[in-house]
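Chains as they are written, first to last, in full-length UniProt numbering: chain A, 1 to 197; chain B, 1 to 827.
Hint data in this document are derived by calculation from the structure and do not stem from the laboratory. Fair warning: there could be bad hints in the mix.
Residues from chain B that keep clear of chain A, each with C-beta distances beyond 12 Å, as calculated [stated by the list, open to error]:
hint, residue
1, GLN74
2, THR141
3, GLY705
Pairs of lysine to aspartate or glutamate, DMTMM-like flavour, derived with a Cα cap of 25 Å [as the list claims (entries may be wrong)]:
hint, chain 1, residue 1, chain 2, residue 2
4, B, LYS191, A, ASP159
5, A, LYS135, B, ASP114
6, A, LYS135, A, GLU108
Quick partial rundown of chain A residues pointing at chain B, CB under 10 Å, derived from the structure [stated by the list, open to error]:
hint, residue
7, ASP4
8, PHE8
9, ARG10
10, ILE56
11, GLU108
12, PRO111
Bear in mind that the values here come from a model prediction, so they are computed numbers and not experimental data. Each residue gets a CB set at the ideal place from its N, CA and C atoms; glycine is no exception.
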Amino acid sequence: MSEDQRRFFRGFGVPFSQMFKRVTTEQYPEDKRPTQPRYHGRHQLNRYADGLEKCIGCELCAWACPADAIYVEGADNTEVERFSPGERYGRVYQINYLRCVFCGLCIEACPTRALTMTNEYELADDTRAALIYEKHDLLGPMLTGMAAPPHAMVPGTTDTDYYLGNITHAVATQVGEAEARRLGTWTGPRDDEEVTA
Amino acid sequence: MTITTPGVSPVTVTSGITLSVDGVDITVPKGTLVIRAAEQLGVEIPRFCDHPLLAPVAACRMCLVEIEGQPKPQPACAVTVAEGMKVRTQVTSELAEQAQQGVMEFLLINHPLDCPVCDKGGECPLQNQALSHGRAESRFTGVKRTFPKPINVSAQILLDRERCVSCARCTRFADEIAGDPFIDLLERGAKQQVGTSSDQPFDSYFSGNTVQICPVGALTSAKYRFRSRPFDLISTPTVCEHCASGCGLRTDVRRSTVLRRLAWDEPAVNEEWNCDKGRFAFGYAAEGRLTHPMVRDESGELVVASWPEAMSIAAAGLRRAGSRTAVLTGGRLTLEDAYSYSKFARSVLGTDDVDFRSRPSSAEEIEFLAALVAGKPVGPTYAELESAPVVVLAGLDAEDESPMVFLRLRKGARLTGVKVFTVAPFASAGVAKVNGRVLTAVPGAEAAVLDSLADEVSGARDENRLEAARLLREPGAVLLVGERLAQSPGALSAAARVAKATGAALGWVPRRAGERGALDAGAIAGLLPGGRPITSDAARREAAAVWGVDPASLPGSPGRDLGAVVAAVNADTKAIAAAAKPSDVVRSVQALLIGGVEANDLADPAAFVAALDAVPFLVSLEQRHSEVTARADVVLPVAAVAEKAGTFLDWEGRPREFAQVFREALTLSDSRVLAMLAAELDASFGRGDIASVRGELASFGSWHGDRAQAPGHAPPEAPSVGSDEVVLATWRQLLDRGLLQEGDPFLGATARAGVARISAARATLLAVATGEAVTISTATGSITLPALVTTMPDDVVWLPANSDGSNPRVTLGAGHGDIVRISGGVV
């Protein structure tokens, strides 16, 4: 064998040896594999166990964001409509996934653990508007024991009780209020404009 | 005490004192506080309670420094410098650093971890200094003191008591600066808290300043609470459009919405303060605005039109009317916009029927302004008010009508002994707060009182008048006249006589921000820009040269003012109705060009509205729908203050330029719209942009030619008042039902309740006590308000103007100085 021929077969040795190794190609999207548990995926706005939102609209996430991807407007919780324990809630909450770099500084900044990241990574879309996620896109699901806000806090508790995890589920009055508001039969304090709407 | 105004040396300067701060020698005037001396060296000592415009109190203890020879650390904000003093701050002294860290730890013991929900977060001195001068870890692990929160100290101001560090800035401000000590520190120790009396909320005109100077987030405003974070805001330095005080403001914008306004540091004008109207009343520009030009269609309905269509219709109408057009502008225009109206009227339309005074006014006032105010250099100034031996106010309630004048008078009265006299029927709350004394004048009789001051010996009978007359002759004395004096015949003439006889500086303090600018821009019959009389050939030549027109084309004789224009329109209407052949009667006013006039501001709203209905062609440049736009043939939307750059001349005559807040605004200023209109009329006018208008104004320069003589009208005879009749005194309070205060319910809720002020003798006669109803009536209507027994002449009643439940101009058809009937109870 000449020197040239030896080189020829040595070159083919690399692909030949690969034929017997484990294949690492993933057959996405037919075959979806779980990510690492701490993978930085889509954000989620969490709820307390009775359904009230954890977000207080403080904008610390927006402040921490290096890509200016988060927009928040705070507002007052009122007797008429309560979305979170305490005085303040996030009325507007947007994350622009065209800007987000998934660094996770926002969830580190969040003082109430309202904002966390899920492992959801399928965030492709074909319009700009669809990639700006609104608050209702980001809010976590209603789990068993939760009642959909707006509704009052658990009677006799403070926002500190919520923060310390003393609230375990929505009580009957909260469930009743949420249901009555859904059916339009709520007789407690309510926003008059909402009635006409 | 030392008054340290930024940029101005302290008033107690007698000699220099040399001390060393951190080993560096510095010489400062005697009486300087150690903290200021350190500032001059660039050493920043942390502080909360210290404020350069408030008296030292050493309440927060944050500024502790080591002073050689003193056994314990001393508060730098309360110790004045001494010769040879050796100060060591936290920069070089471990003792000072430890003391400051200790104080910070104490302050934080009961301070809640509210930063994420606190409005101050991000611009908080406590947050910043806890990082720069505090310990990283707290050793406090107990339960923090809490209070129910927040509580309203007024409708607008909210208080979170647990955030308070008891620095007493707010209470000192309310007590020292505003003179409204409605908030105070209550309780002691850990329970110490700011509070109000249960029956007296913190309804001060200046309450918003306490929110701004609070070094923590304890005081917040209902208007801004939870609205934004400092890093969201784009800030622009602006000037307040609400009155002629000319306050510098900072306007903060988020996403094309004004979210708040703060008082800006302007030592020569508003120092670091402003009033609540300037701070909170900005919602009017956000809602209910006109967005498109509108024209009348065949059926008489106003319909939206394109700019070119509206312009061509407006131009056609104005071309038909020509010099028979009258131009009426409100008092809220910027100098540049007022100038454009002035120029448009003279050079494009060829009319001198121009008037900016959309309020009760008089011909005497024009003479007064032409002779003594228009185009004059700056002065008297705020600084002169502060150091004057005496300030006499005539027809001016400073607290209600020019709050910064009031604050300066109060500062002068408190610190430098300025004596204040007011020619008024009674001592209002604002007069009492400047230790003012009343030179009692029944409305209409102001001229007689002023004349008695001109003549030191014979006229001045009572003690106050004698003293005022004597002090007015001292150098630096100031006489301030308000716009209300125009409603009192002869009073402005008398004011001019007093100023001439005594040598006192004369200042004219209008209520609206644009009036002084409009006057200097010549938006008034008889005056060209810079106070040039239109009757002067030289003045017309100068104006024609700047405007690039033939001097002969400019009107050469003074035109009519607003009242005369309205009267002429209504007289022609009558003549047409009476004429056998109506087409024979030619109207002397064929068209009106109106920019920002509100019917209810005028002396006779009904006559004005009748004129609007009757005039053949009406063009309205407006921001929002009004009685004028409802009757206009063409409505052209114009920019609000935040959407354009401009200048206001404050009452001193000081130009207060401001920049455009909304740089992306698509609305056009009045000047731009007038320039487009002029182009449609094929007239040479210029582009009307801010730079070219300012350039034209600058090329006018000042006027050195002849001026009109000061008016010399004699006061009329006092009218006879029947037994059940009284003379009406009335003016607008700071917070009223003005259109620019719409859209802010929290501010409106802090307005003063309407009362009818009557004398004790009148109350006895009517058998009413304070709080019981009295009814004031004319043939037109009646107003019933609770009585407030006041020390005042028996034949006078005072009602607030344009307030909830009291608008004498509209309801009674009567104004300041008119005679009305009075009776007890509800009629």
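Quick rundown of the hints versus the structure:
no.	hint	in the structure
1	GLN74	holds, 38 Å
2	THR141	holds, 16 Å
3	GLY705	holds, 58 Å
4	B:LYS191 <-> A:ASP159	holds, 23 Å
5	A:LYS135 <-> B:ASP114	holds, 23 Å
6	A:LYS135 <-> A:GLU108	holds, 19 Å
7	ASP4	violated, 68 Å
8	PHE8	violated, 65 Å
9	ARG10	violated, 62 Å
10	ILE56	holds, 5 Å
11	GLU108	violated, 14 Å
12	PRO111	holds, 5 Å
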